[in-house]
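Chemist: Sequence:
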Amino acid sequence: MPVSSLVRVACIQMEPRFGDTSANVAHSLTLIARAAEGGAKLIVLPELANTGYVFETREEAFGLAETIPNGPSCQAWAQIARERGLHIVAGITEREGTALYNSAVVIGPEGHIGTYRKMHLWGNENLFFEPGNNGFPVFHTALGRIGVAICYDGWFPETYRLQALQGADIVCVPTNWVPIPGQAEGREAMANILAMAAAHSNSLYIACADRIGTERGQPFEGQSLILSYTGWPAAGPASRDGEEIVSAEIDLGAARRARNWNDFNQVLRDRRTDVYAEMLGAPISRGWY
Numbered sequence: 001m002p003v004s005s006l007v008r009v010a011c012i013q014m015e016p017r018f019g020d021t022s023a024n025v026a027h028s029l030t031l032i033a034r035a036a037e038g039g040a041k042l043i044v045l046p047e048l049a050n051t052g053y054v055f056e057t058r059e060e061a062f063g064l065a066e067t068i069p070n071g072p073s074c075q076a077w078a079q080i081a082r083e084r085g086l087h088i089v090a091g092i093t094e095r096e097g098t099a100l101y102n103s104a105v106v107i108g109p110e111g112h113i114g115t116y117r118k119m120h121l122w123g124n125e126n127l128f129f130e131p132g133n134n135g136f137p138v139f140h141t142a143l144g145r146i147g148v149a150i151c152y153d154g155w156f157p158e159t160y161r162l163q164a165l166q167g168a169d170i171v172c173v174p175t176n177w178v179p180i181p182g183q184a185e186g187r188e189a190m191a192n193i194l195a196m197a198a199a200h201s202n203s204l205y206i207a208c209a210d211r212i213g214t215e216r217g218q219p220f221e222g223q224s225l226i227l228s229y230t231g232w233p234a235a236g237p238a239s240r241d242g243e244e245i246v247s248a249e250i251d252l253g254a255a256r257r258a259r260n261w262n263d264f265n266q267v268l269r270d271r272r273t274d275v276y277a278e279m280l281g282a283p284i285s286r287g288w289y
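Per this note's numbering, the very first residue in the sequence shown carries number 1; after that it's consecutive.
Calculated from the structure, these hints are not laboratory results. The beta-carbon is built from N, C-alpha and C at its ideal position, and this holds for glycine as well. A few of these clues could be false.
Claimed, not checked - Label-pair ranges, simulated between beta-carbon atoms:
no.: 1; residue 1: Pro157; residue 2: Gly242; range: 49 to 55 Å
no.: 2; residue 1: Asn124; residue 2: Leu6; range: 22 to 28 Å
no.: 3; residue 1: Gly167; residue 2: Gly63; range: 25 to 31 Å
no.: 4; residue 1: Ala23; residue 2: Thr273; range: 45 to 51 Å
no.: 5; residue 1: Arg58; residue 2: Gly38; range: 26 to 32 Å
no.: 6; residue 1: Ala26; residue 2: Asp270; range: 44 to 50 Å
no.: 7; residue 1: Val275; residue 2: Gly63; range: 30 to 36 Å
no.: 8; residue 1: Thr30; residue 2: Asp274; range: 41 to 47 Å
no.: 9; residue 1: Phe62; residue 2: Thr273; range: 23 to 29 Å
Said to hold, decoys possible - In silico lysine to any residue, SDA-like type, Cα no more than 20 Å apart, as pairs:
no.: 10; residue 1: Lys41; residue 2: Pro233
no.: 11; residue 1: Lys41; residue 2: Arg17
no.: 12; residue 1: Lys41; residue 2: Gln266
no.: 13; residue 1: Lys41; residue 2: Ala197
no.: 14; residue 1: Lys41; residue 2: Ala76
no.: 15; residue 1: Lys41; residue 2: Gly114
no.: 16; residue 1: Lys41; residue 2: His112
no.: 17; residue 1: Lys41; residue 2: Glu215
no.: 18; residue 1: Lys41; residue 2: Phe139
no.: 19; residue 1: Lys41; residue 2: Ile80
no.: 20; residue 1: Lys41; residue 2: Ala142
no.: 21; residue 1: Lys41; residue 2: Leu6
no.: 22; residue 1: Lys41; residue 2: Glu110
no.: 23; residue 1: Lys41; residue 2: Arg216
no.: 24; residue 1: Lys41; residue 2: Glu83
no.: 25; residue 1: Lys41; residue 2: Gly253
no.: 26; residue 1: Lys41; residue 2: Arg82
no.: 27; residue 1: Lys41; residue 2: His27
no.: 28; residue 1: Lys41; residue 2: Gln79
no.: 29; residue 1: Lys41; residue 2: Ser247
no.: 30; residue 1: Lys41; residue 2: Leu31
no.: 31; residue 1: Lys41; residue 2: Ile193
no.: 32; residue 1: Lys41; residue 2: Arg95
no.: 33; residue 1: Lys41; residue 2: Phe62
no.: 34; residue 1: Lys41; residue 2: Arg8
no.: 35; residue 1: Lys41; residue 2: Thr141
no.: 36; residue 1: Lys41; residue 2: Gly111
no.: 37; residue 1: Lys41; residue 2: Ala99
no.: 38; residue 1: Lys41; residue 2: Leu127
no.: 39; residue 1: Lys41; residue 2: Leu29
no.: 40; residue 1: Lys41; residue 2: Phe264
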């Protein structure tokens, strides 16, 4: 009988208030507690969930940024993770020395597990943040192997492929999706379509937590969702404009077991590594896939 590795995952779709870090974190804790009461053990928050997104100056961004893991936002998330036995992936404005990063922390019941820094910066982020400098780490946790991406990272197939090749079971995506030029009224977010394709083509769970609302004139798309390794939604998408918790019970081990599509095809092993480098030239070691 196959070994089951069931875990309930929740994506929290919320509306941070720009610059009100303490209130944003307090609100996130309320929603995290609600998700935990529903059985969630892995919880994903949006991109820059503690500060909001639309900075006007680097000085403003720097003033709102925190160090990891000792800043107050991380400490608050670590406390609820410890009390409730949770794993949390949360977007945060990070300061390291004089450098700023658009980051996501991975926190477990024992505290800080690791940090992912957004690799592909979008728009005015380039004025405030440094591009990520720690690649695409995969964090080995008690629940399974967790990868992370942030928003615009999802437009690059390499983001998911490199994590799948390292043995990731799920990629958690804190995000702040915005409307895309040419998007017809009422159409689903382009990011949802890209994430569905990535989940299918890598046989990988993907959990996307978006924000809602309009901040300094910038509207956000909502539509948070959790994708099965098949590419089809396991939960969601959520609405465009409401705070919601999207939740699904998934079997993380199934993502790797199901990569054998038939007697001949396995989506990662079928790659033509005689034509292109197995790890796409990245200085990382492959995992089990």
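Chemist: For each hint, tell me whether it holds in the structure or not.
Modeler: Now for the hints, and whether the structure bears them out:
no.	hint	in the structure
1	Pro157 to Gly242: 49 to 55 Å	violated, 31 Å
2	Asn124 to Leu6: 22 to 28 Å	violated, 41 Å
3	Gly167 to Gly63: 25 to 31 Å	violated, 39 Å
4	Ala23 to Thr273: 45 to 51 Å	holds, 50 Å
5	Arg58 to Gly38: 26 to 32 Å	violated, 39 Å
6	Ala26 to Asp270: 44 to 50 Å	holds, 48 Å
7	Val275 to Gly63: 30 to 36 Å	violated, 49 Å
8	Thr30 to Asp274: 41 to 47 Å	violated, 53 Å
9	Phe62 to Thr273: 23 to 29 Å	violated, 43 Å
10	Lys41 to Pro233	holds, 19 Å
11	Lys41 to Arg17	violated, 26 Å
12	Lys41 to Gln266	violated, 30 Å
13	Lys41 to Ala197	violated, 26 Å
14	Lys41 to Ala76	holds, 17 Å
15	Lys41 to Gly114	holds, 17 Å
16	Lys41 to His112	holds, 16 Å
17	Lys41 to Glu215	violated, 30 Å
18	Lys41 to Phe139	holds, 16 Å
19	Lys41 to Ile80	holds, 12 Å
20	Lys41 to Ala142	holds, 11 Å
21	Lys41 to Leu6	holds, 10 Å
22	Lys41 to Glu110	holds, 14 Å
23	Lys41 to Arg216	violated, 34 Å
24	Lys41 to Glu83	holds, 12 Å
25	Lys41 to Gly253	holds, 16 Å
26	Lys41 to Arg82	holds, 11 Å
27	Lys41 to His27	holds, 18 Å
28	Lys41 to Gln79	holds, 14 Å
29	Lys41 to Ser247	holds, 10 Å
30	Lys41 to Leu31	holds, 13 Å
31	Lys41 to Ile193	violated, 26 Å
32	Lys41 to Arg95	violated, 28 Å
33	Lys41 to Phe62	violated, 32 Å
34	Lys41 to Arg8	holds, 6 Å
35	Lys41 to Thr141	holds, 12 Å
36	Lys41 to Gly111	holds, 14 Å
37	Lys41 to Ala99	violated, 32 Å
38	Lys41 to Leu127	violated, 36 Å
39	Lys41 to Leu29	holds, 14 Å
40	Lys41 to Phe264	violated, 36 Å
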